[in-house]
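Q: As a plain string of letters, each chain reads:
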Amino acid sequence: MSSNIIAHCIVRSNTVILDGKIIYQESNNAENLETFLTNVYRHWGISYPKFFKMDILSKLAFITAEKMLENRSFCGSDMALVLSNNSSSIMSDIHHQKSIQKPESYFPSPAVFVYTLVNIMLGELCIRHKITGENTVFIHEKFEKDLQINYSNYLIDRNLCKMCINGRIDVSPHGYEAFFYLTQQEYALDFNIHKLVHTPDNIEKLHHQKIQKFKEKNVVESDGMALV
Amino acid sequence: MKKAFIASSNIVSTLGYTTDDNFNAVLAGKSGLKNHDLGFADHNFCVSIIPTESLENQFQRFCFNDEEYTKLEKMSIISIADAIKKTNLILTNPDTLLIFCTTKGNIDLLAQNSEQNPVPEGVELHKLAHKIANFFGLQNTPLVVSNACISSLQGLLIARRFIESGMYKNVIVTGGDLVTKFTLSGFKSFNALSHSICKPFDLNRKGINIGEAVATVILTNDVEFSEEKVEVISGYTTNDANHISAPSRTGEGLFQAIKKTLTHTENKVDFVSAHGTGTIYNDEMESHAFHRSGLSETPMNSLKGHFGHTLGASGLLESIIAMRSVQHGELIPSVGYEACGTPFELSLIQKREQKNMTKFLKTSSGFGGCNAAVLFSKL
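Protein sequence lines correspond, in order, to chains A and B. The numbers in our numbering rise by one with no breaks, and the one at position 105 of the first sequence is 105. The numbers in our numbering rise by one with no breaks, and the one at position 206 of the second sequence is 206.
Pulled out of the complex, with its shape left as it was, chain A reads as follows (with noise of 0.2 angstroms):
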């Protein structure tokens, strides 16, 4: 059995591309992916406060995933999420560790602590879409295309899920990367839905789309698959 491909977003260079489609860019200089990421919030106009609370791993996958899920109906313990990273949550980490380095400033921070696990994002994607399925965070060097395809095929044959949201997800003060895709079951008869079968070729493919450089205009299409 196997499953399809049936949404995907990356958010890359100050880009956001969703299903193959530039939504969302700004130039290259722009300051730096916390800065990138807020303005992309207030230019969805979204109200979420929560958004400013988070770290910025959770920023990035909470815009990740936002217009992926937006407009999508599901029942929430029908909904699977499996990530893959390979920094954990280092930048909440050092964050926490300058807070506790020298005692004579010693002052740890519970709202930094917290978002010291990486698993934290999980819980602030389920809060946010109301996910309540399985949930997990592989960590590796490089994203394990088969093991993401055969672990997140496995919750789809056993009923364990109807959907999941599969990815790459990772920030370290050597820069970020976020590539999520939303897959289910092949069986599901939907003629509305694009599709596309699950395999490390067409991850390949969605995952290291080019993206055309920086246009005045913010929407524009990229030069990578659409999915048709």
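In case anyone wonders, no lab produced these hints; they're calculated from the structure. Note that the Cβ used here is the ideal one computed from N, Cα and C, for glycine as well. Where hints are given, some of them may not hold.
Computed spacing ranges between beta-carbons, pair by pair [to be verified]:
#	chain 1	residue 1	chain 2	residue 2	range
1	A	Lys-21	B	Glu-345	51 to 59 angstroms
2	A	Asn-159	B	Gln-116	44 to 52 angstroms
3	B	Asn-140	A	Gly-175	21 to 29 angstroms
4	A	His-208	B	Asn-134	26 to 34 angstroms
Since chain A is already given, all that's left is putting chain B on it; use the hints.
A: Just chain B now, with coordinates in the frame of chain A:
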């Protein structure tokens, strides 16, 4: 569909370096929790810490290469080596996977970070897992699972699923975490720490103790190799979708995980190894979930008074002690429990007792709203 059996196990903790050492210490009512002056606060911490000298003595026989190992890596190597010694399975073929489960790994090394080197060598979790896999000559890229306090119970569940689907024949599941200034400072800022030995589910409970440990289970699809004669029957994880640090008020997430896990169980569960951390809200949440699951009358304990909360190791460590408990037909008292302090009264074990048992349930919950339940059965 293939079944998953426990071939062998190990626990490395303050209470010993093998499963049997740890089980015997627990039976004798020992606790690894002591007051330690850790040098960064104006008070002592009641924690379970493995003395360096004792660990070095144990690790000496593994010092045959030039590689430097951290405390957690040494504990992990000792743990996995002992579990491997106790099975005849060949684990160096591509049909074997290592799943390493941890919340923070070698996070103590982060204190050495600088502007030039923000992430010191060894902090990255996949490198830690690689180092351990390399030590044992394992062929596959190890998988790291980091899902707060359910990490290793979820790792075991993932291992079972890999075996069931035929992806791997054997899976070594290891869970480990250390007592660090990093973690203690955080829990202290949450006012979650108890200054004396924790009292899970008790009226006078005041919080958690942190402990360090590594636990290992080797799972196999071949019942012939199940020295422990225990099968991992089923299990589920859920998310509360409620709050990132506060447990659910109704226990809904844990209840759902238990309900799904027990769906196909014809016979009753004989014993429950609860998470029972000793915080007000966690234990309340669990009492709701167990009550709703019809498990209020089932003998139950929390082992946190013996080991402290061993974070990423806790689910697996406590499953192993529960397994021994069922194998020996010994109900182990829940240390620190005197009077019911939860909305629903549970059947917490108060004195050592003999009972013939077959099926047991292990549950775990953690920050991020995650919950896990796994059902085991003696063959």
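Q: It remains to establish, for every hint, whether it holds in the given structure.
A: A quick look at each hint next to the structure:
no. : hint                                        : verdict
1   : A:Lys-21 <-> B:Glu-345: 51 to 59 angstroms  : holds (57 angstroms)
2   : A:Asn-159 <-> B:Gln-116: 44 to 52 angstroms : holds (51 angstroms)
3   : B:Asn-140 <-> A:Gly-175: 21 to 29 angstroms : holds (27 angstroms)
4   : A:His-208 <-> B:Asn-134: 26 to 34 angstroms : holds (29 angstroms)
Going through the hint list in order, the structure satisfies each hint without exception.
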